[in-house]
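These protein sequences, in sequence, are chains B and R.
Position 25 (the first sequence) corresponds to 24 in numbering that gives the first Met the number 0; numbering is contiguous.
Position 161 (the second sequence) corresponds to 160 in numbering that gives the first Met the number 0; numbering is contiguous.
Honestly, I wouldn't trust all of these hints.
To be clear about the criterion: a stretch of chain B counts as covered by chain R if any three or more of its residues have a C-beta under 8 Å from a C-beta of chain R, and this derived list gives those stretches [claimed, not checked]:
(1) 313-322
(2) 330-344
Beyond 12 Å from chain B on every Cβ pair, some chain R residues (computed) [stated by the list, open to error]:
(3) 8
(4) 119
(5) 313
For lysine to any residue, the following SDA-like pairs were computed, each having C-alpha atoms within a straight-line distance of at most 20 Å [said to hold, decoys possible]:
(6) 108(R) - 80(R)
(7) 331(R) - 352(R)
(8) 32(B) - 22(B)
(9) 181(R) - 220(R)
(10) 94(R) - 331(B)
(11) 94(R) - 327(B)
(12) 108(R) - 152(R)
(13) 111(R) - 129(R)
(14) 94(R) - 337(B)
(15) 340(R) - 292(R)
(16) 108(R) - 331(B)
(17) 30(B) - 19(B)
(18) 170(R) - 199(R)
(19) 94(R) - 117(R)
(20) 104(B) - 130(B)
(21) 64(B) - 99(B)
(22) 331(R) - 286(R)
(23) 94(R) - 123(R)
(24) 64(B) - 116(B)
(25) 108(R) - 327(B)
(26) 94(R) - 315(B)
(27) 331(R) - 343(R)
(28) 94(R) - 330(B)
(29) 171(R) - 138(R)
(30) 94(R) - 335(B)
(31) 340(R) - 308(R)
(32) 94(R) - 313(B)
(33) 64(B) - 117(B)
(34) 108(R) - 330(B)
(35) 331(R) - 354(R)
Hints are computed from structural coordinates only; laboratory data are not their basis.
Every residue, glycine too, gets a C-beta built ideally from N, C-alpha and C.
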Amino acid sequence: MIVRADTVAATGEHSGRSLEAKLRAAQRRRKLKAVALVAPLFLFIIVVFVFPILSILYHSVDDPKLPLILPRTAEVVAQWDGGALPDEAAYEALVNDLRDAYEAKTAAVIGMRLNYEISGFRSMVMRTARRAKRIEEPPYQASLIGLDERWGEIEYWRAIKASSGPFTTRNLLAAVDLERRWDGSVGRAPPERTIYITYLTRTFWISLWVLVYCIAIGYPMAYLIATTTSQRLSRILLVLVLIPFWTSLLVRTAAWVVLLRSEGIINDFLVNVGMISEPLSLIFNRIGVYIAMVHILLPFLVLPLYAVMRNIPDSHMRAAGSLGARPVSAFLSVYLPQTLPGLAAGSLLVLILALGFYITPALVGGASDQMLGYLIAEFATRSGNWGMSSAVGVLLLLGVAVLYPVYRALLGRGAIRLV
Amino acid sequence: MSSTDVIVRFNAVEKTYDGRVNVVERLNLDIYQGEFLTILGPSGSGKTTTLMMLAGFEEPTSGDIQMSGQSLRNVPPFRRNMGVVFQNYALFPHKTVFQNVAFPLVQRKISKPAIAEQVGEALRMVELQGYGDRRPNQLSGGQQQRVALARALVFEPNLLLMDEPLGALDKKLREQMQIEIKHLHEALGTTVVYVTHDQAEALTMSDRVAVMDEGCIQQTGTPQEIYERPGSSFVANFIGENNNLDGTVERIDGDDCEVRLVSGDIVVARRVGVSQVGDRTTVSVRPEQLEINPNGEAHPNRFQGEVVEVIYFGDHNSLRLAVAGRDDIIAKVSAIDSGDKISPGDSVEVGWALHHCRALDPL
Numbered sequence: 000m001i002v003r004a005d006t007v008a009a010t011g012e013h014s015g016r017s018l019e020a021k022l023r024a025a026q027r028r029r030k031l032k033a034v035a036l037v038a039p040l041f042l043f044i045i046v047v048f049v050f051p052i053l054s055i056l057y058h059s060v061d062d063p064k065l066p067l068i069l070p071r072t073a074e075v076v077a078q079w080d081g082g083a084l085p086d087e088a089a090y091e092a093l094v095n096d097l098r099d100a101y102e103a104k105t106a107a108v109i110g111m112r113l114n115y116e117i118s119g120f121r122s123m124v125m126r127t128a129r130r131a132k133r134i135e136e137p138p139y140q141a142s143l144i145g146l147d148e149r150w151g152e153i154e155y156w157r158a159i160k161a162s163s164g165p166f167t168t169r170n171l172l173a174a175v176d177l178e179r180r181w182d183g184s185v186g187r188a189p190p191e192r193t194i195y196i197t198y199l200t201r202t203f204w205i206s207l208w209v210l211v212y213c214i215a216i217g218y219p220m221a222y223l224i225a226t227t228t229s230q231r232l233s234r235i236l237l238v239l240v241l242i243p244f245w246t247s248l249l250v251r252t253a254a255w256v257v258l259l260r261s262e263g264i265i266n267d268f269l270v271n272v273g274m275i276s277e278p279l280s281l282i283f284n285r286i287g288v289y290i291a292m293v294h295i296l297l298p299f300l301v302l303p304l305y306a307v308m309r310n311i312p313d314s315h316m317r318a319a320g321s322l323g324a325r326p327v328s329a330f331l332s333v334y335l336p337q338t339l340p341g342l343a344a345g346s347l348l349v350l351i352l353a354l355g356f357y358i359t360p361a362l363v364g365g366a367s368d369q370m371l372g373y374l375i376a377e378f379a380t381r382s383g384n385w386g387m388s389s390a391v392g393v394l395l396l397l398g399v400a401v402l403y404p405v406y407r408a409l410l411g412r413g414a415i416r417l418v
Numbered sequence: 000m001s002s003t004d005v006i007v008r009f010n011a012v013e014k015t016y017d018g019r020v021n022v023v024e025r026l027n028l029d030i031y032q033g034e035f036l037t038i039l040g041p042s043g044s045g046k047t048t049t050l051m052m053l054a055g056f057e058e059p060t061s062g063d064i065q066m067s068g069q070s071l072r073n074v075p076p077f078r079r080n081m082g083v084v085f086q087n088y089a090l091f092p093h094k095t096v097f098q099n100v101a102f103p104l105v106q107r108k109i110s111k112p113a114i115a116e117q118v119g120e121a122l123r124m125v126e127l128q129g130y131g132d133r134r135p136n137q138l139s140g141g142q143q144q145r146v147a148l149a150r151a152l153v154f155e156p157n158l159l160l161m162d163e164p165l166g167a168l169d170k171k172l173r174e175q176m177q178i179e180i181k182h183l184h185e186a187l188g189t190t191v192v193y194v195t196h197d198q199a200e201a202l203t204m205s206d207r208v209a210v211m212d213e214g215c216i217q218q219t220g221t222p223q224e225i226y227e228r229p230g231s232s233f234v235a236n237f238i239g240e241n242n243n244l245d246g247t248v249e250r251i252d253g254d255d256c257e258v259r260l261v262s263g264d265i266v267v268a269r270r271v272g273v274s275q276v277g278d279r280t281t282v283s284v285r286p287e288q289l290e291i292n293p294n295g296e297a298h299p300n301r302f303q304g305e306v307v308e309v310i311y312f313g314d315h316n317s318l319r320l321a322v323a324g325r326d327d328i329i330a331k332v333s334a335i336d337s338g339d340k341i342s343p344g345d346s347v348e349v350g351w352a353l354h355h356c357r358a359l360d361p362l
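All chains, full assembly: derive it from the sequences and hints.
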């Protein structure tokens, strides 16, 4: 240390600074190089991952239609407190807005939006819009109620107020079986709409069981692949594990239908050999979903486990044995702890992938085996309700997001190296 | 040593993995209480397999291993009470040094305070006190080696088995650890079976060396016996440096014999691996036994030769000589004696004593 201090003093501060500057320059070059190397990946992630997720988050709260299509009505209901039926001005605004909307051919759009609030609202809006141009003078209120007496019911006006945007929490609340009442309070949604929590718990439950089955099948398998002295056996088993990766998910799932249905290969065989008299129901129920999902997800558990197990030398178990540990004790205290990082990484992969399953439960599951993915698809493709679709997507995203810290808490810091 | 001192006996032990080739072939070996026995051999000689069978990780295909007179056939490793030190140490990476050393005691359900005391003592023994909280990957190779030693000794095993434990260390550390292990053995008196391919290691550390090749024990004996009186050409060449002279037995005279070399020269040697006149043989002489220009010594083997090369080693010079029709005969001479006096091209006389020269099986 003394020598070093002397040297610094002798060479002076100036040269010391220039050395630092050189170091900084070198580091800057290295950093730039690193940035250049990851830039394509970074852009890719922004475009295909960050942007879509932000867009989903935005769509789940975005509610711009009513102010655009019914601008006057939106302005009036914004002032209205929702306590009693709105006054003549509101009816006049609505009549004018609907007439314009009909001409602009946007009435169907706003009808659909309002239908999310109360079913039947769409046809009511369409009919009113079609006839709105006949109402040319006051009293607008009486004329509207004359057209459809539901215009005299306060719920429909509250629905309009709730839809008046430009942002809404209804989709997110609905995704957890809640709704915002007209007075601003949040409460439980009516029973016919409280399906989301059921789907959410079912999704987690199915994913958890798939994970349990995957571990029960995959752990011993990975152990065998990693520890067998026969190169041939380990290669064959690895190929068997990897085969699911080589065929499309849809084809594999369809193959399970062929195999598992009542007149399928498995049932035919079992009936023919006389093991069962009636075909087992192996598909279009939870069993089918488990079989198909475990088959698809098994590699995601086996491969990280295998990677970790391959690096545990045989000598560890031998050492444990020589030190007096019985096989079970040696496994629990020496082998298992060393495989935890792989087990955690694999489990997380399986769980996250399982949570997002859609095609497989849709094809091999029954009505009560559908998962959140099914709801998302339903909203997006059938009813075109992108708001609800996004909100359920957000729910799924949050479900995955809470998994990670739970995992870290369970397995300790640094246990997950893959993710 | 009497047979009561035998702690382990290999009785006609054979091991094959593929059913065709024996990795270990009819092995008979006694290991005595308290000795430091080294099994020395090249890779693939079956020495590690022998050790693994003793530890119980491999099952003999036939034959029996006995410990204190009891067959070990159905005794699993965890009941054999043998400490094993592996080549890669096999320390458990997820456990601290303390937990690693405590492992055998925990398995034996010893009370916590007793464990703390014994582990502390074991770590003191290998001079690693204060390292208990570290993880194995925070230690140097030599330190990991010591932890492995402490772990294998802390439960006072009947036998300490070591499988090339110093293979991964650099030369200097290896030599230091050799001495430390030797001292530990002297202090504790535990019977040690040590497997290595390094002949220098075997010579420095052992009470007894068993040289193994192709599944068979070639020779057992003290390091001195093995080095000075090799029983076969393999042992002579595997341990230390050696000069080989091929020839045919011309005459047998009690314990000695005359060998006619390929060059036509006659060498007188001890009769070890030959039985009758006309046998082919390889005569072995250690380089340090060759004398250059022997003055007055009545060596029966004297030859005229030429220096081909002089290699300087600091403490000695190594001369490559063209003698008796060969040009690869090596003589080690003290650097002080030879100095600059000998240089390539010099004509010299080479001689060696009868008792340093052994007629062994032909190479």
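Each hint tested on the structure:
no.	hint	verdict
1	313-322	holds (count 8)
2	330-344	holds (count 4)
3	8	holds (20 Å)
4	119	holds (18 Å)
5	313	holds (32 Å)
6	108(R) - 80(R)	holds (15 Å)
7	331(R) - 352(R)	holds (15 Å)
8	32(B) - 22(B)	holds (15 Å)
9	181(R) - 220(R)	holds (18 Å)
10	94(R) - 331(B)	holds (13 Å)
11	94(R) - 327(B)	holds (18 Å)
12	108(R) - 152(R)	holds (17 Å)
13	111(R) - 129(R)	holds (18 Å)
14	94(R) - 337(B)	holds (10 Å)
15	340(R) - 292(R)	holds (12 Å)
16	108(R) - 331(B)	holds (16 Å)
17	30(B) - 19(B)	holds (16 Å)
18	170(R) - 199(R)	holds (11 Å)
19	94(R) - 117(R)	holds (17 Å)
20	104(B) - 130(B)	holds (14 Å)
21	64(B) - 99(B)	holds (14 Å)
22	331(R) - 286(R)	holds (5 Å)
23	94(R) - 123(R)	holds (19 Å)
24	64(B) - 116(B)	holds (14 Å)
25	108(R) - 327(B)	holds (15 Å)
26	94(R) - 315(B)	holds (12 Å)
27	331(R) - 343(R)	holds (15 Å)
28	94(R) - 330(B)	holds (14 Å)
29	171(R) - 138(R)	holds (17 Å)
30	94(R) - 335(B)	holds (13 Å)
31	340(R) - 308(R)	holds (13 Å)
32	94(R) - 313(B)	holds (17 Å)
33	64(B) - 117(B)	holds (16 Å)
34	108(R) - 330(B)	holds (17 Å)
35	331(R) - 354(R)	holds (18 Å)
Taken one by one, the earlier hints all hold for this structure without exception.
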